[in-house]
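If you're matching them up, the sequences are chains F and U in order. Mapping of the first sequence onto our numbering: residues 1253 to 1584, in sequence order. Mapping of the second sequence onto our numbering: residues 1253 to 1584, in sequence order.
Don't read these hints as lab results, they were simulated from the structure. Only true hints are included.
Pair ranges (Cβ atoms, derived):
#1 U:Ala1578 - F:Ala1302: 46 to 54 Å
#2 U:Pro1581 - F:Gly1411: 15 to 23 Å
#3 U:Ala1313 - F:Arg1550: 41 to 49 Å
Virtual Cβ for every residue (Gly too), placed ideally from N, Cα, C.
Protein chains: 2
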Amino acid sequence: MTASVERYILGVDLGGTNIVVGAATADGSRRFAIHSEPTRSSEGADAVVARMARMIEAAIAQTMKETGCKRSAFAGVGIGAPGPLDRERGLVIVTPNLGWRDFPLRDRISNAVGLPATLDNDANCATVGEWWLGAAQGGNDVIGVTIGTGIGGGLILNGQLHHGASDVAGEIGHTTIDSTGRLCGCGNYGCLEAYASGPAIAQRARELLAGDEPSSLTAKVEGKLEHLTARIVYDAAKEGDFLARLVVRDTARFLGAGVANLLNIFNPDVVVLAGGVAMAGDTLFEPLRAEVRRRAFRPAVEACRIVPGTLGDSAGVLGAIATFKAQTPGFV
Amino acid sequence: MTASVERYILGVDLGGTNIVVGAATADGSRRFAIHSEPTRSSEGADAVVARMARMIEAAIAQTMKETGCKRSAFAGVGIGAPGPLDRERGLVIVTPNLGWRDFPLRDRISNAVGLPATLDNDANCATVGEWWLGAAQGGNDVIGVTIGTGIGGGLILNGQLHHGASDVAGEIGHTTIDSTGRLCGCGNYGCLEAYASGPAIAQRARELLAGDEPSSLTAKVEGKLEHLTARIVYDAAKEGDFLARLVVRDTARFLGAGVANLLNIFNPDVVVLAGGVAMAGDTLFEPLRAEVRRRAFRPAVEACRIVPGTLGDSAGVLGAIATFKAQTPGFV
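Throw the hints in and build the complete structure from the sequences for me.
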C-alpha cells in the first residue's frame, strides 16, 4: 500500500469589483489562502489576468507553506466569471462590467500559471459552492440566487448543474415579475433585478426619501442620497427605521414573487440566496418566506427550505473548485 | 432465432371535460383506437373509473382486431391525470375540476382492466408526447406549456422528465408575471394563467367588448358574451377583427413574458405550446416570438425554437404511454 497523496485545487471568482482566490483539498474539507483584491477592470484585460495569476501563485505558495505539499500536488484552477460564456472554448463572450468580448480567459490563466483550468459562470459557481459546502448541502434540486450589483442564479437539477442549450441557463434576475414595470439594465421591463438588486434597493429607498418623510437613512449618508447602499438600508431596517423597513419588506415581496415562480416551476428542495443579501437576516427572510407561501403551491412550499448562503465571499471560489472537479476526469 | 413479439401499451388522458384513450406499439410508430368521451365528473369517481375501464377495453378490442395480436401483448396502461399527484402511491391528491381527494386512480384502473398501470401529471404527459412523437422531437431540454381551461407545463431537462422534490414541478401557469395583477383561481395575483388561459382570453375579450367598440365577436355569439371562447376570439382575429386581434396580441405578450422567463431560467432547445392554442397559428405565434425576443437573452432566444404542438388531443395519450414505458423496467 502506498500513502495516497493529497491533491489541491485552486479557485478564482472574478467579479466586476473584486477578485477572490483560494485553494482547497479535493474533498473541500480544508481551505487555504482565500483572499480578495480589487479587480480594477479599467486597467484592461492583460492587467486583470496578470493580477489573477499573481493571486493564484500567492495562494499556491501559501498553501505549500501551510501544508508542506509540493507544487505538483495542485491539480488545476477552476474559474468563475460573469457570463455569458462559451464553456467549451473557455471564452468570456460579453461582460459589460469588465468590457470584455470573446476573451479567452481560461487559456490565458492556464498558460500564465502552467496548470489546467476550467471556466464556468460565477452565479453557477456560487450555487455549487453553497451546495457542496454551505447552506444547500444535501439538496437534490437546488436553486441558487446571487444578489449583488445584479441578480444571477444557478440551477442544480437532479444533482447536476444545469447549463442549458447555450450555457446561459439561470438568469433568474431577468425573469419578468411585472410585465409593464421598471426598466431593467438589460433593456427589458419589470425584471426581478430592476427591483431587488443592490442598486435597485438603494434606488427605491432614494425614491421614498424624496418624499421628505423622516428617516434615519438621511443622516446615515449625511444627506448625500447618492451614497445610499442596500447594506445601509438593511442596517437601518434592523435598527427599526420605518422607511428602511418598508424598502426591505418591498424587496422581500419582489424576491418572494421571483422565488415563488422558481418553486412552482421546479419544485426544488432548497433555494439559497447568496451575496450581500445573506447579511439582511430575518428582517428580509421572514417576509420573503411569507410572500412565497402566499404565492406558491403548498406541496412546493413544504418541500423547500429557503435559506441565506453561509459561505459569504468564499462561495464562488469553492464552487469554482467544485466545477473544476466536475469537468476534470479523475475527480469524483 | 425467434421472431420478437410486438408489444402494445395503452394510454389514458383524464381531463376535467374529456377522457381520451388509445393504444400504440412500444416504439410509438403505430397508434390505434384513439377516441374521446366526456368525463361527466358529476357522476362521481366510480362512474368515471368505470368509463375509463370501458374505454380501455374498447381500445384493446379494436387494437386486437386491427393487428391480430393477443390480449397478452398489452403491457399495461399509462395514465395522465390533473395534479397534484402522489406518483409513488398512484394517488390523485386533489383535483378541483373532478372533486377528488387522495383517490387511488392508478390501482383502481389497474384492477379494473387487469394490467399494470402508472400515473403521471397530464401536462407532463402532453409534454412527453410532443417530445416523443410531436413538435419537440430531438430536444434535450424541452419545456411544454399546455393551454386550456388552465395553464400547465412539463419540463424535460437533459433528456429526463423533471418531477421536482414533491412531484409538483412544471406549474408554469402559476408563475407571476404581474405581481400586483389579476386575481387567479389559485388565490394568487398576476399568474400567467389569469391572463392567458382559455377562460382568461374570453374574459379579456368581454371586458373590451363592454366598451361598445364594434367587433364581429358580438355577432358571433349573438350578443351573448357569456358564450365567448378563446377559439371564437382566435377565429375572429384570423378574419381580421380588430378587437379580437388586440386580445390575441395581448395574449401573445402575456405568454411571451412567461415563455421568456422560461428561456432565461432554463435555456431550453424547444418550447412547445400544446392544447387549443396550437390552433391559433401565426396570429398568436408571431407576436409571441417577438415578445420573447424583446424579453429574453439573445443566446437563449437563438438556441430555442418556440412551436405549436402537432399531436392535438393525442399528445396526452401518447405521453402517458411514454411515461408508462419510462416507469416500467424492460422498456427502453
